[in-house]
Amino acid sequence: MQRMDRTALAARVARDIPEGAYVNLGIGAPTMVANFLPRDKDVFLQSENGLLGMGPAPAEADIDWELINAGKQPVTILAGGAYFHHGDSFAMMRGGHIDICVLGAFQVSVHGDLANWHTGAPDAIPAVGGAMDLAIGARQVFVMMDLLTKTGDSKLVNRCTYPLTGLACVSRVYTDVGVFSVGPEGARVIEMVDGLTLDELRKMTGVELEMA
Amino acid sequence: MQRMDRTALAARVARDIPEGAYVNLGIGAPTMVANFLPRDKDVFLQSENGLLGMGPAPAEADIDWELINAGKQPVTILAGGAYFHHGDSFAMMRGGHIDICVLGAFQVSVHGDLANWHTGAPDAIPAVGGAMDLAIGARQVFVMMDLLTKTGDSKLVNRCTYPLTGLACVSRVYTDVGVFSVGPEGARVIEMVDGLTLDELRKMTGVELEMA
Amino acid sequence: MINKIVDTMSEAVAGLHDGASIMISGFGDAGAPAELIEAVIAHGATDLTIISNNAGSGETGIAALIKANRVRKVICSFPRQAASHHFDTRYRAGEIELELVPQGNLAARIEAAGAGLGAIFTPTGYGTLLAEGKETREIDGRNYVLEYPIHADFALVKARAADRWGNLVYRKVARNFGPIMAMAARTTIVQVAEVVDLGALDPEVIVTPGIFVNRVVRTSAAANA
Amino acid sequence: MINKIVDTMSEAVAGLHDGASIMISGFGDAGAPAELIEAVIAHGATDLTIISNNAGSGETGIAALIKANRVRKVICSFPRQAASHHFDTRYRAGEIELELVPQGNLAARIEAAGAGLGAIFTPTGYGTLLAEGKETREIDGRNYVLEYPIHADFALVKARAADRWGNLVYRKVARNFGPIMAMAARTTIVQVAEVVDLGALDPEVIVTPGIFVNRVVRTSAAANA
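Chains as they are written, first to last, in the numbering used here: chain L, 1 to 212; chain E, 1 to 212; chain Y, 1 to 225; chain X, 1 to 225.
In case anyone wonders, no lab produced these hints; they're calculated from the structure.
There could be a bad hint or two in this list.
[What the hints assert, rightly or not] Under 7 Å between C-beta atoms, here's a sample of chain L residues computed to sit facing chain X:
no. : residue
1   : Ile68
2   : Arg94
3   : Phe106
4   : His111
5   : Ile125
6   : Gln140
7   : Val207
8   : Met211
[Claimed, not checked] Label pairs and their computed distance ranges (CB to CB):
no. : chain 1 : residue 1 : chain 2 : residue 2 : range
9   : Y       : Glu97     : L       : Lys41     : 43 to 49 Å
10  : Y       : Glu99     : E       : Lys203    : 42 to 48 Å
11  : E       : Thr161    : Y       : Arg142    : 47 to 53 Å
12  : Y       : Glu99     : X       : Ala14     : 33 to 39 Å
13  : Y       : Ala83     : X       : Ala14     : 51 to 57 Å
14  : X       : Arg186    : E       : Thr161    : 36 to 42 Å
15  : Y       : Glu135    : L       : Pro122    : 37 to 43 Å
16  : E       : Asp5      : X       : Val196    : 40 to 46 Å
17  : L       : Pro184    : X       : Thr136    : 44 to 50 Å
18  : E       : Lys203    : Y       : Gly133    : 37 to 43 Å
19  : E       : Ala57     : Y       : His17     : 56 to 62 Å
20  : X       : Gly141    : Y       : Glu95     : 54 to 60 Å
21  : Y       : Ala42     : E       : Thr161    : 46 to 52 Å
Note that beta-carbon positions come from the ideal geometry of N, C-alpha and C, so glycine has one too.
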């Protein structure tokens with residue numbers, strides 16, 4: 001089977017973002033989705049540190065450390081963009097004004113519970129940032145992750161064992177081997193990479209799966 | 001005795017407003033206080049419809065119906081003034097950022113309860129506006145009123161009989177015959193007009209009074 | 001290309017339905033979207049709940065909507081005005097419901113809706129008629145009333161200028177309830193005096209980012225004189 | 001004449017006391033009032049509670065305050081950063097207390113303090129470790145956690161420009177927590193790159209009205225390059 005690499009996965013997620021959507025891309029791999037949004041269509045990127053209408057990374061010479069994204073990387077602002085304070089920014093999120101949020105995850109349950117902020121390791125210094133706000137605020141939460149951990153455990157699970165970020169908040173899971181819907185009805189397979197069967201996917205994940 | 005008229009009363013209230021104070025002047029007589037604030041000192045007038053740094057009424061030719069006070073009268077804005085929305089305006093009020101609010105009243109109790117929004121008449125159409133927010137938000141609430149109603153009843157009372165605007169919110173009462181402090185300790189007389197005695201004042205009001 | 005500018009007032013208010021809740025900006029006449037209200041009257045929707053600071057005065061705006069018998073309920077802080085006779089008459093006749101809300105609680109409840117809060121404890125109104133029957137709580141020695149968010153199906157807002165993404169700037173105290181209502185309604189419809197090119201509004205001075213705006217319509221120059 | 005501009009950093013932080021709670025604006029380095037934090041270190045106050053999005057990184061700013069052993073507690077959303085070793089060390093040694101708050105709840109609680117609300121029901125964090133032991137409630141079919149306002153004795157804020165009444169404008173995403181912290185603290189102290197004449201700031205574009213600001217100090221031009 002032909003696993004998707006991160007770049008291909010980012011492109012796949014981008015295909016499901018319609019023109020006119022207000023979108024927040026989480027730190028890390030989700031940031032790459034921006035590279036695959038069609039340049040001739042208006043998709044509005046929000047960065048929760050106070051920016052709507054975020055543009056691509058600047059040229060080295062144009063870097064401004066007061067124009068950064070939530071991952072603290074330099075960005076630009078498009079014509080039509082706006083700045084606002086943190087209160088308004090999270091009102092935007094919590095109030096359901098963001099259409100789609102794309103996040104990474106440690107685990108997602110078949111019912112859409114998300115664990116992406118804490119491994120539960122007792123000596124870890126906890127840090128949550130905006131993860132919990134993004135998880136419950138956006139109308140749709142897309143997760144982007146490898147289906148399996150490095151040790152082969154499924155990150156799509158019946159019940160998260162890592163500390164939760166939000167309950168029943170994820171609607172879609174984009175992985176290196178397939179795309180899933182999750183929610184009240186459980187998990188469904190929307191698509192698989194070539195060379196993979198539903199039975200193999202059931203074995204990989206250990207969760208009940210049907211085609212969507 | 002020499003009763004103070006509204007103009008003299010407004011001037012008297014103005015004397016107790018220090019430079020640098022953030023002040024909201026209620027609709028009606030309290031608005032007149034602005035005329036007696038010293039022109040060479042900075043006192044910041046807030047209007048709860050979204051304006052800080054309110055200036056005097058404009059010349060007829062300069063009237064702008066998008067620059068009005070809470071009483072819907074045309075005003076001006078001083079250099080250094082700012083506009084803001086209603087949420088921020090009432091955060092300013094409720095959050096305790098306004099130093100002094102000057103209000104009219106139907107009744108004030110010796111403990112500082114205020115009744116100024118509703119006569120309790122069963123056929124009255126109720127309207128509250130910002131009265132309740134002003135009453136409980138400002139750090140100090142000054143009331144400006146005649147001591148007696150037209151029928152000779154005291155408006156300084158042991159217990160308000162009109163519907164309340166706020167509990168224990170008034171600190172001072174400026175009337176045509178004297179100035180009172182009110183609060184947890186009850187009412188005290190700060191000053192009286194010439195020709196009036198404490199005993200006469202006790203008889204007029206029917207409440208326990210001592211000199212402050 | 002996303003373009004939220006529509007050409008006509010009737011397009012602006014398309015989809016309004018009977019029974020809709022509608023927030024209307026304005027404090028007195030300042031910031032009142034007079035042309036949009038006219039469009040609502042022309043549209044014909046009825047049984048409306050109006051959320052606004054006032055309940056109209058004279059013969060135009062919310063007063064006209066009430067006169068045309070389209071309003072079932074008003075949620076406001078100050079219905080009584082010098083010329084609020086249309087409201088007064090229907091209210092006294094029991095033909096219109098009134099929910100009276102202190103002005104700051106009205107603002108805070110609209111903000112809570114926009115910000116996705118479930119409820120707020122506010123000190124305003126504690127111990128008064130307007131808090132009767134409401135849950136209260138003492139927190140850190142002060143008394144508060146539990147108030148719930150006010151959502152709406154539509155917001156009608158007046159702003160000074162907009163671009164095609166719906167970014168807004170206002171004019172003087174006409175700003176009042178516009179920015180917070182735009183955040184609290186499912187569909188926000190804005191009338192502006194001026195439509196500007198994308199990028200013409202400095203991102204530092206935009207008051208309402210376009211995310212809170214669905215449709216923008218320019219009023220005729222005369223209407224904004 | 002009211003003039004909130006002070007001449008020196010030490011005047012700006014005068015009156016800071018041991019045990020004070022201090023809000024510090026900034027998201028990463030953007031909007032972090034580096035010079036004011038230096039002034040706090042020079043001032044000597046200790047046993048401080050710091051309310052900020054991060055817990056410092058590298059050797060300057062909040063990290064330097066922690067290194068100097070002045071911080072008893074941090075209330076923040078994201079202490080762990082690439083170079084947060086000063087926080088990490090003291091936290092692991094049990095020498096510093098951490099209250100971890102989701103970023104949006106941090107903002108909302110600061111806003112609630114500024115706006116005089118007693119508490120808010122927020123959906124963020126429901127069902128997670130960070131809501132353990134907190135009151136919850138289902139409202140209209142959704143679950144919320146009751147969160148209380150965060151007040152502070154002082155706020156240290158970085159803005160772009162101010163006038164003598166303390167009106168502020170910010171620069172790009174350095175705005176972040178500045179406006180809401182200015183509203184929530186008893187004493188708000190602001191460092192700016194530029195002091196302008198009264199009236200030079202358009203009343204339409206002022207982000208923080210001077211009512212929320214107590215003292216303003218200009219940083220040297222070099223520090224704002």
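Going down the list of hints, with the structure as the test:
1. This hint holds: Ile68(L) has a C-beta 6 Å from the nearest C-beta of chain X, less than the 7 Å allowed.
2. Interface hint at Arg94(L): satisfied, since its Cβ lies 6 Å from the closest Cβ of chain X, which is below the 7 Å cut-off.
3. Taken as an interface hint, Phe106(L) does not check out: its beta carbon lies about 13 Å from the nearest beta carbon of chain X, beyond 7 Å.
4. Against a cut-off of 7 Å between C-beta atoms, the interface hint on His111(L) is violated, since the closest Cβ of chain X lies about 12 Å away.
5. With 7 Å as the threshold, the beta carbon of Ile125(L) comes within range of chain X, its nearest partner Cβ sitting at about 5 Å, so the hint holds.
6. Given hint, Gln140(L) at the interface with chain X, is violated; its Cβ is 16 Å from that chain's nearest Cβ, farther than 7 Å.
7. Taking 7 Å as the C-beta contact cut-off toward chain X, the hint placing Val207(L) at the interface is violated, the least distance being around 20 Å.
8. The interface hint given for Met211(L) is violated, since its Cβ lies 30 Å from the closest Cβ of chain X, which is over the 7 Å cut-off.
9. For Glu97(Y) and Lys41(L), the hinted distance range of 43 to 49 Å is satisfied, since their beta carbons lie about 45 Å from each other.
10. Between Glu99(Y) and Lys203(E) the beta carbon distance is about 44 Å. The supplied range of 42 to 48 Å therefore holds.
11. Between Thr161(E) and Arg142(Y), the C-beta spacing of about 26 Å breaks the proposed range 47 to 53 Å.
12. At roughly 49 Å, the beta-carbon separation of Glu99(Y) and Ala14(X) lies outside the given 33 to 39 Å, and the hint is violated.
13. In this structure the hint that Ala83(Y) and Ala14(X) lie 51 to 57 Å apart at CB holds, the actual value being about 54 Å.
14. Distance hint check: the CB atoms of Arg186(X) and Thr161(E) are about 38 Å apart, consistent with the given range 36 to 42 Å.
15. Between Glu135(Y) and Pro122(L) the beta carbon distance is about 40 Å. The supplied range of 37 to 43 Å therefore holds.
16. The beta-carbon spacing between Asp5(E) and Val196(X), approximately 43 Å, falls within the hinted interval of 40 to 46 Å.
17. Against the hinted window of 44 to 50 Å, the Cβ-Cβ separation of Pro184(L) and Thr136(X) comes to about 21 Å, which falls outside the hint.
18. Checked against the hint of 37 to 43 Å, the pair Lys203(E) and Gly133(Y) passes, with Cβ atoms roughly 40 Å apart.
19. At about 44 Å, the CB distance of Ala57(E) to His17(Y) disagrees with the hint of 56 to 62 Å.
20. With their beta carbons about 32 Å apart, Gly141(X) and Glu95(Y) fall outside the hinted range of 54 to 60 Å.
21. The given range of 46 to 52 Å is respected by Ala42(Y) and Thr161(E), whose C-beta atoms sit roughly 48 Å from each other.
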